[in-house]
Amino acid sequence: MVTQEKPKETLSSVTIRFVGDSGDGMQLTGTQFTNTSALFGNDTSTYPNFPAEIRAPQGTLAGVSGFQIHFSSNNIHTAGDHLDVLVAMNPAAFKTNINDLRQNGILIINEDAFSASNLKKAGFKEDEDVFSKYLNKFRIYKVPITKMTLGALDGLDMMAKAKERCKNMFALGLTYWIYSRSLDPTLEWLESKFGKKPDLFESNVRALKAGYNYGNTTEIFQNTYEVPKAKIVPGVYRNITGNQAISLGFVAASELVGKPLFIGSYPITPATEILQELSMYKNFGVKTFQAEDEIAGIGSAIGAAFAGQLAITTTSGPGIALKSEFMNLAVITELPVVIADIQRGGPSTGLPTKTEQTDLLQVLYGRNGESPIPVVAARSPSDCFLAAIEACRIAIEYMTPVVILSDTQIAIGSEPWKLPDLETLKPIHTRIHEDIDTFAPYRRNDDLARQWAIPGTPGCEHTIGGLEKENITGKVNLSAEVHEEMVKIRAAKVKGIADKLPPLEVYGEQSGDLLFLGWGSTYGAIRTAADELLASGCKVGQVHLRHINPLPNDLGEIFSRFKHIVVPELNSGQLLMILRAKFLIDIKGINQVNTKPFAVSDLVIRAKELIGDK
Amino acid sequence: MTQTQELTKADFVSEGDVKWCPGCGDYAILSSVQTVLPTLGIPKEKFCFVSGIGCSSRFPYYMDTYGFHTIHGRAPTVASGVKMANPDLSVWVVTGDGDGLSIGANHTVHMIRRNMDLKVLLFNNRIYGLTKGQYSPTSEKGKVTKTSVYGSIDNPLNPVAFAIASGATFAARTNAANPKHMQEILKAAADHKGTAFVEILQNCNIFNDGAFAKYLDKETKSEENLILEEGKPLLFNNDTQGIVMSLEGSHPRLIVEEVNATDTSVSITGKKFLVHDPKNEDHTLSYLISQLGVSLEGTPTAMGVLRAVRKPTYDEVLYEQEAQAKAQRGVGILKKLIYSSDTWTVTEESQAAGV
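Protein chains in written order, with our numbering: chain E, 1 to 614; chain U, 1 to 355.
So here's chain E without its partners, still in its complex pose:
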């Protein structure tokens, strides 16, 4: 083999998207590229994008599955606005993604898949030259990926179909070559995955190497690129998705509370992985209960909470709708239950695999009666760990149901996580009560949290339920005075949580022209936009809320330091509505409900318009 030294160009950031049929192994390809880049020392951020159908008909637009990775020598917070490289394994993948490729970006297509029938399936004419209008716009590389893969696997005793399945490894090898990545991490992974199946191991290794060598030896690629290591805070890191991090957060919280973890859930996209992940942790005393429906999921969790465990239920928007009556039972019985809502596109079944922040008003207000429930939100995949612990802390210390909000983007997106020093996590104090003489079911401490006497405790027998009850004794009482008193106590308890929150952090300018206020998965895009604006001399700050109910006490004071307050949300203005009602100031929204995360550039443009609009 002839190897040639080709010129190498250094870049600070690259965004690649691998797209193909949902059976083409694009998620795996993207994950491997991510791990290799993280191990090399880049900062990374990823965003998988796949259809709601498991295997839509092959080659169709509905079946396109993609995985986007942004890797950089800087610290990054998003999976990237525009693509530098698009690897499209068939015409459908090409058609549905080409508009995201930047001017002069690299397009690599599997030439063999652009057959007349595949073109037709993607809605092109059978003989259409689909690339002609892009010749001056992109750098287009037509690679016979299927043929080259089959050629590399020549002589192996495998079915042609099985051989063809290795073409994702060829594509991966080729991109490794373009970005000067080592093959070693993927070779090690193949060894651990297929070590016992020599045929599969050999075929994947050959395809990977063939892709790499193809880049190296052919004339079509003029140069390669390198993305140097990022300056990263020293520590031990791993890649983690939001759903993994939230699961680990719950296990950690269970240890901090000193009570076993119980999770009662029903599978629902995109929350299912939490139930799957936790079901592996039986040796941690974690009990997972796959209930018959969403209602039974939270019902079992409330039963486990009554019986003294750290109880969790996980779901998405449609599941919240079903759980609402039980959430209210937890409100009136003041039991600690954490409800994790991994938001997705709605209404109704909506867009199960797409991201939105449209459940905020539902979790705050979507129940009968006056029903205050604390709400916390996670801002990034790794942040789900601390957000989960915070949700459990509030639930246990205040004896209340708590909602934790995540969404598709952070649930399935990944980033490197600097592993926490577990010794620094504070214990969570329970209201467990065993003393007969001082016991009353609704006797409260200064935080208004009631006593938690669990079944099995001698002398503390009592009945709780959904009917209105007296304070302290917990006896059923439907009188006007008692009801009004209890409504106020329940509200005051939740409001009081804010009194013990740490001060908000304002990123960037502490006062000035514009404050971005966000919550949830928009954090990365807003932070990146704020950095760009700060770099261009704009006086902007950023506050990103962990606690949405109750809102932090110092928020109003921070608002007073900025001329414009802007709330970017992936909904039509839900937090915006609450803030405008509460603070009576002209807060502006930047809103988008198009299944996609914010593009940084859109936030920057909108902010500049506002600042200029003095």
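If you are wondering where the hints come from, they were derived from the structure by calculation, not from laboratory data. Note that the Cβ used here is the ideal one computed from N, Cα and C, for glycine as well. Fair warning: there could be bad hints in the mix.
[Said to hold, decoys possible] Pairwise CB distance ranges (calculated):
hint	chain 1	residue 1	chain 2	residue 2	range
1	E	Thr-595	U	Val-317	40 to 46 angstroms
2	U	Glu-6	E	Met-280	42 to 48 angstroms
3	U	Thr-220	E	Glu-481	49 to 55 angstroms
4	E	Gly-556	U	Glu-320	53 to 59 angstroms
5	E	Glu-481	U	Gly-167	46 to 52 angstroms
6	E	Val-236	U	Glu-6	57 to 63 angstroms
7	E	Glu-423	U	Glu-6	45 to 51 angstroms
8	E	Glu-481	U	Tyr-339	52 to 58 angstroms
[As the list claims (entries may be wrong)] Computed list of lysine-lysine pairs in DSS-like fashion (alpha-carbon distance at most 27 angstroms, straight line):
hint	chain 1	residue 1	chain 2	residue 2
9	U	Lys-335	E	Lys-231
10	E	Lys-608	E	Lys-539
11	E	Lys-193	U	Lys-335
12	U	Lys-9	E	Lys-475
13	E	Lys-193	U	Lys-336
14	E	Lys-475	U	Lys-132
15	U	Lys-46	E	Lys-475
16	U	Lys-187	U	Lys-9
17	E	Lys-418	U	Lys-336
18	E	Lys-426	U	Lys-335
[Claimed, not checked] So these bits of chain E aren't anywhere near chain U, every CB distance computed over 12 angstroms:
hint	residue
19	Thr-60
20	Asp-81
21	Glu-126
22	Tyr-134
23	Glu-164
24	Ile-220
25	Val-286
26	Arg-443
27	Leu-501
28	Gln-592
29	Asp-602
Model the placement of chain U on the given structure of chain E, informed by the hints.
Frame of chain E; chain U shown alone:
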């Protein structure tokens, strides 16, 4: 610690007033449960009563035990959570024909098929009482109520048949108007390990008075009650009649035969009258017996334990799996878990080294 041997009925009576209508069948059930509990050898603090919504579901308020009055139809879910969290507890579900078989039928099926170790008391009065008199899933066809002015067109459910078909390891039927029998059945249910489903026929004297009168009237009670006893033939009406199985084509049917009849050829069991065998692994015969009286005209209704089979319970196996996982993988250590996946270390030196 409560001394179990000292417990009496009075220990289980709560201080508040009981607020069911005077004459309601629920009083007898409450009294019987309070009579049986002290005999079980279980400390008072280990009992937990969980209910849904409806007249029956006020039950936990009248018991001096741990109790949870939950939401409509969902008591099995909460009770399952309590039991999984603490399998040492004796957890009882109190529900009704509307709560357990209409809005909550789904949960009832799944509780039973899992064989969660719960005692289930389903008060069947064949009417919605708390909402003042609408037909329920066990109301007979044609019943005129406030919401079925022209007569109900729903086909009624048979609670015990429903339980057996769902895979119940214990299913029984008793009558609130017969406290002695009811207490025997409650004791048997308490002693059963697994979901113990008990249908209690209970008279609503306000909205459906006399629904079960035929089981009590002196004139009819002998011919309408088939009292089941393990190992005994299915005889009733002062042992003058019995139940035999016949085949109608390929279809097994239970029919009534006179005891003095001499023809034994109608039986497929080899014996003329069926012998009650609630512990048989196969539930087919229990299911057929559950149909008597309720779904089969001209036959008596089976009262007693129709089925009692010991099988592993969900909560038992849940804890067995946990113990196995701990034995095989060691008790989990959080730090190892978090640091377990593919990690990499960034040091000051590796940062300085550049690419």
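Hints, verified against the model:
no.	hint	in the structure
1	Thr-595(E) / Val-317(U): 40 to 46 angstroms	holds (42 angstroms)
2	Glu-6(U) / Met-280(E): 42 to 48 angstroms	holds (46 angstroms)
3	Thr-220(U) / Glu-481(E): 49 to 55 angstroms	holds (53 angstroms)
4	Gly-556(E) / Glu-320(U): 53 to 59 angstroms	holds (55 angstroms)
5	Glu-481(E) / Gly-167(U): 46 to 52 angstroms	holds (49 angstroms)
6	Val-236(E) / Glu-6(U): 57 to 63 angstroms	holds (58 angstroms)
7	Glu-423(E) / Glu-6(U): 45 to 51 angstroms	holds (48 angstroms)
8	Glu-481(E) / Tyr-339(U): 52 to 58 angstroms	holds (55 angstroms)
9	Lys-335(U) / Lys-231(E)	holds (26 angstroms)
10	Lys-608(E) / Lys-539(E)	holds (11 angstroms)
11	Lys-193(E) / Lys-335(U)	holds (25 angstroms)
12	Lys-9(U) / Lys-475(E)	holds (22 angstroms)
13	Lys-193(E) / Lys-336(U)	holds (22 angstroms)
14	Lys-475(E) / Lys-132(U)	holds (25 angstroms)
15	Lys-46(U) / Lys-475(E)	holds (21 angstroms)
16	Lys-187(U) / Lys-9(U)	holds (14 angstroms)
17	Lys-418(E) / Lys-336(U)	holds (15 angstroms)
18	Lys-426(E) / Lys-335(U)	holds (15 angstroms)
19	Thr-60	holds (35 angstroms)
20	Asp-81	holds (25 angstroms)
21	Glu-126	holds (45 angstroms)
22	Tyr-134	holds (33 angstroms)
23	Glu-164	holds (29 angstroms)
24	Ile-220	holds (25 angstroms)
25	Val-286	violated (8 angstroms)
26	Arg-443	holds (17 angstroms)
27	Leu-501	holds (26 angstroms)
28	Gln-592	holds (33 angstroms)
29	Asp-602	holds (32 angstroms)
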